[in-house]
Structures are given as structure tokens and as C-alpha cells.
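J.: Work out the full structure: start from the sequences and follow the hints.
Chains as they are written, first to last, in the numbering used here: chain A, 1 to 282; chain B, 1 to 535.
Read the hints as simulated data drawn from the structure, not as lab findings. Be a bit skeptical, because a hint or two may be false.
[Stated by the list, open to error] Below, simulated DMTMM-like cross-link-like pairs (lysine to aspartate or glutamate); rule was C-alpha separation at most 25 Å, straight line: (1) A:K201 / A:E57; (2) A:K167 / A:D202; (3) A:K167 / B:E459; (4) A:K167 / B:E324; (5) A:K201 / A:D211; (6) A:K201 / A:E261; (7) A:K167 / B:D294; (8) A:K167 / A:D206; (9) A:K167 / A:E187.
[What the hints assert, rightly or not] Stretch by stretch, here's where chain A covers chain B in the computed footprint (C-beta under 8 Å, at least three residues): (10) 251-262; (11) 291-304; (12) 385-396.
Bear in mind that the values here come from a model prediction, so they are computed numbers and not experimental data. Beta carbons: idealized from backbone N, C-alpha and C, even for Gly.
Residue-level listing of the chains:
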Amino acid sequence: MWPGDSVLGRNVGKLPTGPTPGMASEGGAVLSVDQVSKSYGTTRALSDVRFSVGPGEIVGLLGPNGAGKSTAMKLIVGLLRPDAGEIRLRGRNVVTDGVEAKRTVGYVPESPALYEFLTAAEYLDFISDLYGVDPATRGSRISEFLRGLELSGHEDSLISAYSQGMKQKVALIAALLHHPRLLVLDEPLNALDPRAARVVKDLLRDLASRDGVGVLFSTHVLEIAEAICDRVVILSHGRIVAQGTIAELRRQAGLAGSGLEAIFLALTGTGDLTDVVGALRR
Amino acid sequence: MNLHRVRRLAWVLVASQIRASGRGAHPKKATNQPAVYGWAALVLAGVAFAVAAVSVRGTGGSGSVLPSVVKAALPFLPLVGVGTVLVAGLMFELTTTAKFASSDAANWLPLRPQEYVLASAIAVAYTYSAPLALVLGAIAGVAVDVGLGGAAAVAAALSVLGLLQGALWVEMVRAVGQRAGGGSARRGRISVLLRALAFVVLVVVLELAFNPVVLLDSLSALQAFGHLTELLPPFWGSYAVLVLLQGNAVAAGLFAAGTIGFSLLLLYSANLLRQHFWSVAAPEYHFGPYRYGDPHPALRALGLSIPERALVAKDLHGFGRRREMMPMLLLPVVLLIVIFLEGSIGGGGIEGVGLMIYAGWAATFAGLLIATTSLGQERRSLWHLYAAPISAREIFRAKIVAALIPAGSVSAAVALFVGFLFRAGALDALGLGLAAAAASFAVSAWGLGFAARYSDYQERPRPQPMRPGAMLVAVVVGSAVALSILVPATLGLVDGGAVAAIGLVAAIAFTVAFGATGWLWARAGFVRLMREIPF
Ligand SMILES: Nc1ncnc2c1ncn2[C@@H]1O[C@H](COP(=O)(O)OP(=O)(O)OP(=O)(O)O)[C@@H](O)[C@H]1O
Ligand SMILES: [Mg+2]
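T.: This is how it looks when you write it as C-alpha cells:
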């Protein structure tokens, strides 16, 4: 178990964060997305999207289903190429300088497909090899993560036998092993139990404030966004409809004193729900 | 048992294979309808029927040997039905992904086990109905012409029943296999080996049992033995046709009824086995404690970087661990054993140079299969290759090594096998091994070129790592490349003298030429593929 249950405090205790080589060189944004557009065939998924994530900043990417959140993230981590615009990770262009740019990113896709014929230990070792994690220290680092997320004792079982939440945890660990400077997390708290969700939230805050890691994450749970994000970016139909701190958005939406949910519904044009609910009740 | 439910479920099972989970599948498209298999079978049967009927008319029709040929062929049809489904089913159905094999839907839908078993068997039988349709059409085309249309119709009906019987056998093996992969297997490696062994034995036995050449032999043996085999229910379908042709309608009726009864018994047993061995959860293997940070020193000798080594090791792991990868490695072994056994049984095997070339080709088949499937087998996990800080070049190198290591091992095995077979000199065996290794190299490069362009990354119940049409072309191209190297090499080995020199030069020239072009083609494909994830 968790020594001293420090997880309930602000401090994430034993989860390895620690200083990272190369952090001092930080000047500008960890991530800058500049006028990026992307289409799938005739479907326009993103139009002229522009935002950035600074070091130590937690940015929430919000928007209705199909708004383009996952597409934006795939572009950022190099799974897709932008049709127009430019994406830079710590100044490196993802398209032209992909390998170097990707070294500094940790990514958890939505419903991640892992190599299920490997055990979690083998998988995490494999990921460490790909990202060049120091072979001498990775064992203890991996073990600490496994303990922190309560996977100890399961690491020598095939991932195919894992529950969905356990797979999600493995994917999260894999994204953190190499001390990334930017975390791109697509609905990372999906399927996690309350305790693990709490651990991850605390860990994200800790990584951001202590190590200056930039975090971009998407979620549909607005309470989570409200609780841990420094800023939010709201997408709708592939366009950014608003971005800023929650206070700024409140002003923008003209909804003083209201929560993120009201702001979200107002900004994404899904405000009037009485008709829908009425229809569903019938 | 609710037959309507069975039909709906069978439809869904077929559809789930042809429509993958991806966004690309258009459910309205004709080729995405389960009916395509039916239409394909009908068209094949019709074409075969027409061709046969027309060509028979051209040769003068009755009065010739044709009636006796038809009479000899018709009793086989029910066995052809069983045989095609068994062989295809064991090759492809047993490898269904664990996720689908436990058939989630069947666990929570209000279905009875026997309904599920029957629906699954129907789906399998239906999927593999085309070869039977082809044979059926051709024989019926002749039979009608010589006045044996009635018997042909009976044989057709019984052979469709045979399809179902074959599918039920597959269901039984599948049910038992479920347990074999389940809780009892604590020692991962041993169970993997046992599974591989069982696979080879099973496929070899069935290949032999239902191989037309051997079948002919054994059927004439059957008749020689007289009434002994009449007691064996799997043959009752054939006997029904046989006695019908002899004019004994009553006995034919009895045998036919027996066949129906036997099919029901198979259904009952398959159902029992399924219930007994049912395991809802995926098997949980547990492996020994793991040592981190040991970047595969054995692979270091090949000059690979650490990420490259990790990729290679991951793929090699997959061969042992993934059910659907097993046939890739074992198929060449099966091909060899079958031809060897057939040769020694005297069913008309290949001899001498032919056998050596065949053996070499079978050896390169491993490289071809592994290379063509090396990207498709990543399926949805492919994103790792894009998100990780590795270049297209590194991925390409890793993939080619991951294909060549197992392909090389198979080549070595072939050399040994052929040496043993001929009690030949070590030099011949070594030469063939080298030629096979060289051919494997060229073939793997071409295979990777196909993989980079035509892989299929969808999750399907039955893995399909490459689009079927492309796979067919890849096999043809790969075999042509392999033979262009193997034929001169083998001729040179056998003949000696001047021929040896010419053969050697030709083999080397073709290896270099095809290896280089394949390599370049594959590399270009990888660079393009790695621009953007294809799903
Ligand atoms: N591979 C693809 N092929 C075709 N269209 C796609 C593909 N991926 C996404 N789309 C389309 O692009 C748009 C944006 O999809 P995306 O997955 O980015 O949305 P999202 O904001 O992540 O939604 P969700 O909240 O449901 O995860 C949608 O209209 C979707 O249908
Ligand atoms: Mg999404």
C-alpha cells in the first residue's frame, strides 16, 4: 500500500517525479500549435486552431463529442500531419524534426491499444528502450509507479488479462517513464477508480508545479477540469470557441458566478437542453 | 432452440468478420454484406457447372468413360465438404483472437449455448463454402450430361451437411483449446510449445486425412476392406451416395438418415464440450519475475540500436505468445512434413530435385508470411511506432530483422530436414540451406514492401493482417522471387560441373537484383507509411 497515505495530501509522496535533465533550457512554450487545420477526406476535423502550453501549465482541452480533441492530440504527438499550420514542441517542429520532438512528449491515447501479448513489466521495459530510459535505474522507477497505482503483483501477467482501468494505468506509467516535458493525455482518468484518479490528479499537479512539466489533457468531466486546470481550451466543430482561465471564460460568456458546465453549454451552443430531455423522457 | 435467433446470430458472426471495427467499413456496400460468400459460392458453382457441361458436350458426351468417372467422384463430395471446412477452419478459425473467441455477446445475450454453437458452426461452414461449390458445380455439370443428375443432387445435399459436420469438429477443437489456453497453463513457455506441437500434429493429420491424393488411396482401400468402414459415421454420407449409385435406394436412405443423426450427435457433443470448457475471462498467464533494463544483448551483435532491438524482441515474443502468429512459423514445417509423409506413404510425393526446390520454397514461405504480416499484426497498437522517438529507418530495420531471424531459423531447419530426407551429403544440405536463406532475404524485403502498402490494421475476429487480394499477389510475387533463386541454385547443386557454376552465378545475381529492388521498394513504402497513421 501507499506509505503514510500521503496521496490524500497535496504531496504525491513516493511517486517518482524528480528533477529532469535539460529543464533549465526552458524559454518559451513547451507546446505551440499555430493555425493548424486537418481534414479526414471531406470531414473537416480542425480549422485554424491556435493555442499553446507553457512550462508548468495544465491546460484542459474541452469540447463536445467529435469536436476534434483527439485529432488535435494526434497531430501534436505526430500520429497525423497537419494539412496547414505548424506544431512545435519546445521549439522543434513535429513534422520536420519528429524524432527529437517526440523524445520530450508522453502520450496516452483514448482507449489505448497496448501490446497485450506482453506482460506489464515487459511492456514498460520495451517503452523504456524506445525512449532511452536509463537501464540502470528504470527498474526501481517502474516498480515505484506500479506500487503507486496499485499494480504491484500484476506486473508479470499478460496485459490481455488486465481490466480496462489497469490497462489505462499501464498506459499512464508508460507516458511518464522518460521524464517528459509535455504530457498529452486523452481522457486519462477514464475507467480509473476514485483513488487512482486522485493519485493521477495530484501527480499531474505535482509534475507541473515542481518540475515544470506542461500538461494538455482532455476530459468530459468538467469538475476535474475546473479543479486542476490553469487554463482551458474549448473546441467545437473543429474550431476554438474560447480559451483562457475559468474566470476569463466566465467573463467572455457573460455568466458571472457560474460554473464551468454553464459556460461550456453556453459556448458550445448546447445550452437549451429542455427539449432533448423532454423527448428522451417520453 | 430458436432457429430464428440462430440465423440472426450466424449473420452477425459473419458480418463481424467482414466489417471491421474501423470507420472505413461501409455497412451498405455489397462486399460488406454477409451475403457475398453465398453469392460467390453460387457464381463459382454456376460457372463451374457451365464450363463442365459445355466441355463435356464438346468431347462427345456419354458412351465414354465419363459415367464411371462421375460415379467414382460423387461419393467423395460429402468428404470434400468436411475436409475443406476442417482444414480451413483449423488453419484460420482456431487462431481467432482471444478477445473474440470468448464471444462476449454470447455471454450476456439471452442465448442458449447450443444456439451459439450451431450459429458459430453455420457461420464457419458458410464462410468456407466456396471451394465445395466449385467442385460441386463442376461434377454436377458432367453428371447431368450423363444422366446422373439425381445422384448429384443427393451428393450435393450430403456434402453441405458435410460442411456443417466439419464446422462442428472445429467447434469442438475450439472449445477444448479454450481450456488448454486457460487457467491450467501456469507455465507459459511449456504451454506455448505444447500448443505449437498440437497444432502441427492436428494440421498434418487432417491435411493427410482429407488430402485428395491420400483420400483416393484410402477410399480404394476402404472398398478393399469391404464393410469395415461402413461402421464409421463420418463416412456415412459417402456411403449413401455410393450405394445409391449401385441402385440400392433403401440403404442410401438409411445412410443418409444416419448422417443426419450423426450431425445432430456432433452438435450435441460440441455443445457439451463448449459448456464444459467455457471460460469467460481471457486466460491469465503468469510469468516469472522480470529483470528490467537488459537490452537484448544477443541482438546487439547484429549492430542494432537499443530501440531497434526492443522492437525486434517484441515481435519475436509475439510469435510465441500470440495464437494467430503460430501458423506463420509452423505452416512451412507442416508443408514439409506433409510432403515427406505423402512421399513415404506412396501417395505420389515429389522426388529428387523437385523435392529440394519444394523444400526451399516452403522454407522461404515463413519469411514471406512473417514479412507480409509484420505491420498488420501491430493492429491498433501501431500508434506506438508513431508516438515513439524512432525514425522510419529504424522501424524498417527492426522489422526486416524480426522477419529474417525466424525465416533464417526455418531455412536452417529445412537444410537439416532435407539432409536427413536424402541422407544426402552435408554439402547439399548446406547449399540448400544457404540458397533458402538468400531467397528468404529477398522474399522478406518484397513482403515488407507489400506490408507497408496493403496492411489491414482492423481488429477482426479472425486476424487478417493484409487485404486478401494483396496477400494473394504477395504470395505469387514472393514465390516467383524465391523460385528464381532456388531453381538455379538447386540445379547447380545437383548437377555439379559447369551447371553448378552457372547456377551459382544466376542464383547470386537474382538474389542481389531482387533483394535490392525489394529493399528499395519496401523502404519507400515505409517512409510513406510513417508520415501518418493509416487509421
Ligand atoms: N480516422 C478518422 N477517419 C475519419 N474521420 C475521423 C477519424 N478520426 C476522427 N474523425 C472525425 O473527426 C472529427 C473529430 O474527431 P475526434 O476524435 O478528434 O473528436 P473528439 O473531440 O476526440 O471526440 P470525443 O469527445 O468523442 O472523443 C469527428 O467528426 C470524427 O468523426
Ligand atoms: Mg476523443
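J.: Each hint needs a verdict: does it hold in this structure or not?
T.: Hint check results:
1. A:K201 / A:E57: 14 Å, holds
2. A:K167 / A:D202: 20 Å, holds
3. A:K167 / B:E459: 18 Å, holds
4. A:K167 / B:E324: The given pair, whose Cα atoms are some 22 Å apart, holds under the 25 Å limit.
5. A:K201 / A:D211: Measuring from Cα to Cα gives roughly 15 Å; hence the hint holds.
6. A:K201 / A:E261: 20 Å, holds
7. A:K167 / B:D294: Holds - the C-alpha atoms of D294 (chain B) and K167 (chain A) are around 24 Å apart, at most 25 Å.
8. A:K167 / A:D206: OK: K167 (chain A) and D206 (chain A) at ~23 Å, within 25 Å.
9. A:K167 / A:E187: 13 Å, holds
10. 251-262: violated (count 0)
11. 291-304: Result for this restraint: holds, n = 5.
12. 385-396: The restraint on the stretch 385-396 of chain B holds, since 6 of its residues have a Cβ under 8 Å from chain A and three suffice.
Checked against the numbered hints above, the structure breaks only hint 10 and satisfies the rest.
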